[in-house]
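Take the sequences, apply the hints, and build the full model.
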Amino acid sequence: MAASLGNVDRRDNWKIHFRDTMRGGKFLNQWRMAELHAKQAPERVRELEEWGAVFDRTPDGLINQRNFGGHRYPRLAHVGDRTGLELIRTLQDHGVHHGIHFHMECTALRLLLDAGRIAGVAAYWRETGRFVLFRTPSVIMATGGGGKAWNVTSNSWEYTGDGAALAYEAGAELMDLEFTQFHPTGMVWPPSVRGTLVTEGVRGDGGILLNSKGERFMFDYIPKRFASETADTILEADRWPEDPSARRPPELLTRDVVARAIRAEVQAGRGSPHGGAFLDIASRRPADYIKRKLPSMYHQFKELAEVDITATPMEVGPTLHYFMGGIRVEADTQQTNVPGLFACGECAAGLHGANRLGGNSLSDLIVFGRLAGVGVAGYVAELTTTPRADDAQVTAAFREATDILNRESGENPYLMHEALQEVMSSNVGIVRTGEELQRAVEQLDALKIRARNLKAPGTSQYNPGWHEALSVESLLIVGEAVARAAYLREESRGAHTRLDFEGEREECARFNIVTRKGPGGEMQVDKVERSDPPKELAAIAYATLEELEGGQVE
Amino acid sequence: MSKRKFKIWRGDSRGGEFNQYDTDVDEGMVVLDVLHRIQAIQANDLAIRWNCKAGKCGSCSMEINGRPRLACMTRMNTFAADEVITVQPLKAFPVIKDLTCDVSWNYEQNKRIAPFKPKPRGRDGEHRMYQEDVDRVQEFRKCIECFLCQDVCHVLRDCDRKDAFVGPRFMIRVASLEMHPLDDDDRIPEIKKEYGSGMCNITKCCTETCPENINITDNGIIPLKERVVDRYYDPLARLARLFAGRKVRTKTRSEEQSR
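Sequence order for the protein chains is A and B. Taking this note's numbering, the leading residue of the first sequence gets 3, the next gets one more, and so forth. Taking this note's numbering, the leading residue of the second sequence gets 5, the next gets one more, and so forth.
It should be emphasised that the hints constitute simulated quantities derived from the structure, not laboratory data. Heads up, a few of these hints could be off.
Below are the DSSO-like pairs computed for lysine-lysine, each with C-alpha atoms no more than 30 Å apart in a straight line [to be verified]:
| # | chain 1 | residue 1 | chain 2 | residue 2 |
| --- | --- | --- | --- | --- |
| 1 | A | Lys457 | B | Lys7 |
| 2 | A | Lys304 | B | Lys208 |
| 3 | B | Lys208 | A | Lys293 |
| 4 | B | Lys11 | A | Lys304 |
| 5 | B | Lys197 | B | Lys115 |
| 6 | A | Lys529 | A | Lys226 |
| 7 | B | Lys9 | A | Lys304 |
| 8 | B | Lys121 | B | Lys95 |
| 9 | B | Lys166 | B | Lys196 |
| 10 | B | Lys123 | A | Lys41 |
| 11 | B | Lys121 | A | Lys41 |
| 12 | B | Lys123 | B | Lys196 |
| 13 | A | Lys457 | B | Lys11 |
To spell it out: a stretch of chain A is covered by chain B in this simulated footprint if at least three of its residues, at any positions, have a beta carbon under 8 Å from a beta carbon of chain B; those stretches are [said to hold, decoys possible]:
| # | region |
| --- | --- |
| 14 | 89 to 102 |
| 15 | 156 to 170 |
| 16 | 453 to 462 |
Partial selection, computed: residues in chain A whose CB lies under 7 Å from chain B [what the hints assert, rightly or not]:
| # | residue |
| --- | --- |
| 17 | Gly54 |
| 18 | Thr198 |
| 19 | Tyr416 |
Backbone N, C-alpha and C define an ideal beta-carbon position, used for all residues, glycine too.
Written as structure tokens, this is what we have:
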């Protein structure tokens, strides 16, 4: 998780983290969110330590920090390559002693409203298949993205865009959905693990990318904006990071750049045997170092691909990893345009703009997770009446879900999901054209009609087919929103690349794309003008490194 | 691609039986992939818990040909070509449906462990810990809570003494606190009297089963047992404490409260 603690390089501070985040996001981030994130992340990381997290240490006993793509300095507090697990476990163990109730395996079906305000959630318990009604004036969405709309993805089965879809149905606005991050390094072989994530930590710890000719091809893909801060010879890249005058190797460029480069190498016929690139750390670091710093990568390749990463390079290729877009929120409170509805983490939009930097996701969670909690507390304190959902909404939610089980016959939800993945993977990929995006919308329309007839055989008790059918409904909404937003953005910026509109266009930096449900139930997609940033923040974001580090920017 | 036979336990808390499924298996597949294929085509309602499909979340624990395994880390090419593969839910916990179990007992044990109690920060506002001092704690914190160790533990599985022992998972959980350089709590009386450190008879089945290769017994349970012995049974240590005038806790918090 990224936080400018400055433990490894004292020159780091929130301004440089903020600048890195804005540049990585190609200046489409919400300024205030990027500011809050950079300023508050260090305090949140220290808080985790106070709650029992055991981060890797520097030689003088402080929280160690590692390099990652797009971050100027070693900034990522980490635990080997399992930082996410450490975060989960720390919060879990802390939470159980603070009166927090965990509703395990409980799936939300619909948000309930009272005169436009949140009044509750209709849900069901997976274990029994029974319905449950939560009456509550506030809900925080923390449901992640919708990576499962693609067939090659690092995401697990839960990433079906449920939070964004439920919020959309309740009238909330979605934003920036055209920006879907393809992580450059997913496993490509064997087929059953295609897409499984290979951490950026491999490159952060010195790993390099090679094509089938053995060339370090990333030197050919350095964008102009990053040229002055990136090494342009192997000699210079190899001196980094020991030599402070050396610039960063191009393997550590932002994810959008690296993913497109790998794709281009494969297209040009210089790919690895299974259609990826070679990621080599074996020839760069001693075996015991690799096992110590990247234990779960070592284990994953050994067990699943029968590859020893301390001896041979890995084969890697782009995999759908993350939604920069999601539910539109107000920066300081994380509240949506629906009173009582809040969102944070991947399912919310705004912090990452057009492309997210590695490590900024976990810090996003701890910064905005807290702010959402504070936001809810403030909202609830000011309520004068308790919203109450009428029974009709509740009955409708339960009936709609039950219909899937009660139909005599219908579409197989698993095969329907595969069909949807096929549409998205073929037409809304790492590079896009207007024609393909239009085709995606048409094909999704046809799937929507078929989805009205989804059928899950069996009973309601722990029935994954039923769950799958409900997920397909969410994915159809999110998939359509991505395709429509991508069609409307006629430029290439960050994670969104249009073959028919190459390069960034100045006028496209002035809007974000917002999606909402129209009065007739149709999906409305609009360009919404961005407000001007505060002068101080603009000065930081657009400053050169020399100006910023020389203290010339206040 | 090859044809393989699977026997999968189907049923719920009222009972069930093994159903046979014939299915195609492709190169590189793991057991979980095959279960998914059966689920998508032949048995849409087959209940399986899974999540990351990379051995990092601990959800797809089940018994495969009699061995507690993660289905996502069990490669098909580790079986003989004509071997029938039998899959059933964990035995130590009540079944919900098919391959899913109710593991909530484990979360109840976690709640019984007193929270981390950090020492105050240094004057510079930092907590200082050195890598060599946190290595062992980090080993325990690799645990993905797959509960395979709980499933093979004789105390829990065969003797069903869930009333007397929290199981290997929570012995290393408490070890991760007991050995945490910043933790300021004294946990020894609870380890002996409430978590049941004496119940473990060191057969090391948990260690052998752990998919994260955590050395549960040698690095976790045995040192805790030693600390208990030092506190309660070492006469020299008691004498030394007596002379030094140093008091240690021998009663658990609930014993102290009930007095």
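Hint check results:
no. : hint                     : verdict
1   : Lys457(A) with Lys7(B)   : holds, 28 Å
2   : Lys304(A) with Lys208(B) : holds, 24 Å
3   : Lys208(B) with Lys293(A) : holds, 24 Å
4   : Lys11(B) with Lys304(A)  : holds, 28 Å
5   : Lys197(B) with Lys115(B) : holds, 16 Å
6   : Lys529(A) with Lys226(A) : holds, 27 Å
7   : Lys9(B) with Lys304(A)   : holds, 26 Å
8   : Lys121(B) with Lys95(B)  : violated, 35 Å
9   : Lys166(B) with Lys196(B) : holds, 15 Å
10  : Lys123(B) with Lys41(A)  : holds, 26 Å
11  : Lys121(B) with Lys41(A)  : holds, 27 Å
12  : Lys123(B) with Lys196(B) : holds, 24 Å
13  : Lys457(A) with Lys11(B)  : holds, 26 Å
14  : 89 to 102                : holds (count 6)
15  : 156 to 170               : holds (count 3)
16  : 453 to 462               : holds (count 4)
17  : Gly54                    : holds, 4 Å
18  : Thr198                   : holds, 5 Å
19  : Tyr416                   : holds, 4 Å
Violation of the numbered hints given earlier is confined to hint 8; every other hint is satisfied by the structure.
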